[in-house]
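Sequences and hints are given; from them, build the entire structure.
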Amino acid sequence: MSVHLHWFLPTGGDGRTLVDRHAYTDGGIRRDRITPVSGVRAPDIEYLAQIAKAAEQLGFEAVLTPTGTWCEDAWLTTVALTQVTERLKFLVAFRPGVISPVLAAQMAATYQRISRGRLLLNVVTGGDSTEQKRFGDHLGHDRRYSRTDEFLQIVRGVWGGRPFDFQGEHYQVEGGLTALPPDPLLQIFFGGSSAAAGPVAARNVDVYLTWGEPPEEVKQKIDWIRGLAEKEGRTVRFGIRLHTISRDSSKEAWATAGRLLDDLDPETVAAAQQALGKSESVGQQRMLALHGGSRDKLEISPNLWAGVGLVRGGAGTALVGSHAEVADRIEEYHSLGIEHFVLSGYPHLEEAYWFGEGVRPELAARGLLDAGPAPLDGVPAANGRPASAPGGAPLLIAGGR
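In our numbering, the protein residues as written are 3 to 403.
Just so you know, these hints were derived from the structure itself, not from any lab. Any given hint could turn out to be false.
Stated by the list, open to error - DMTMM-like mimics (lysine to aspartate or glutamate), calculated; alpha carbons at most 25 Å apart, straight line:
id, residue 1, residue 2
1, K135, E171
2, K280, D144
3, K253, E171
4, K55, E359
5, K299, E218
6, K55, D250
7, K135, D75
8, K299, D265
9, K253, D267
10, K253, D75
Next comes the structure, spelled out in structure tokens:
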């Protein structure tokens, strides 16, 4: 079992701090306030293309693109980026409750043909009622997972190549089909830590994603999902979502983490913790429990830092250390059964280079990477800093900090 490395596409904006990185001040709720925030990199297509090209150059297999009212649409953004990349795949996040399952199946099949097989799907059931209501979705937490279960059954049924009928609580479909099924059939990624989420994963998905918890807690999740899948007569693979801060030395990496922490004033942390504490997501509550809102003892496991989760929802932990130490932790998670590593860092362009040029060779030397296409040739690193874009173009764009 090889390690599959993926990066993140910050379609809500990027920056050098953990706060104010989103390009839209209020998630786009009030149209008169949809203006770039000073000091962040707006998610314009030119900047996103830089990240996508860097990820491809550095040997990442895919990039995860988020979904929500606070970011650009994942489908439209990524299909545009397929035109400026050659082999990079796109892990497109989408919400089952806001789109017809038959239409989603059709969109995925079309995307797969346009991109020549470069689509992966990340199903986001949604753990925040406030965000769901912005999309017009008023179902409660457990019923959203019940709907996702039906949604994925229909998607797979429609991809079967024959008219598909389905009668359920949430959907009734008669003769659903796509003009042409996707070829190759794409992988479905899914995450959820609640009791309602487990059976959905076991019955429907290819890869179960967890956020970056300590190894012993990740193992418990793997055992849980694996046991449920076995009862369904299925096999599920596993992935993990983490941030990374990898440097030539451990001291440099932890200094970078310290700088990110220094940017967070107590009021900002308190406000973020109060907002995140209202989430219905069991996974989010598990993230919050790792640090309890405190700056003390944020290294919750060797090289696993929970500082990101003080202000960021979702994935709240980072692998911090030298390139070898970060590779050690990836190897440890891999030994538990984790195959897919979906990674990110602030800013995403520079951190892609730190990881790709530092950690990836370590993993390759340990025989953990598939002998697939090597990273594309580019300008080598110099003076201990990440390499510039191919052809000597500047690494950073105007408007960032």
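Verification of the hints:
| no. | hint | result |
| --- | --- | --- |
| 1 | K135 / E171 | 20 Å, holds |
| 2 | K280 / D144 | 16 Å, holds |
| 3 | K253 / E171 | 55 Å, violated |
| 4 | K55 / E359 | 15 Å, holds |
| 5 | K299 / E218 | 18 Å, holds |
| 6 | K55 / D250 | 23 Å, holds |
| 7 | K135 / D75 | 17 Å, holds |
| 8 | K299 / D265 | 18 Å, holds |
| 9 | K253 / D267 | 23 Å, holds |
| 10 | K253 / D75 | 38 Å, violated |
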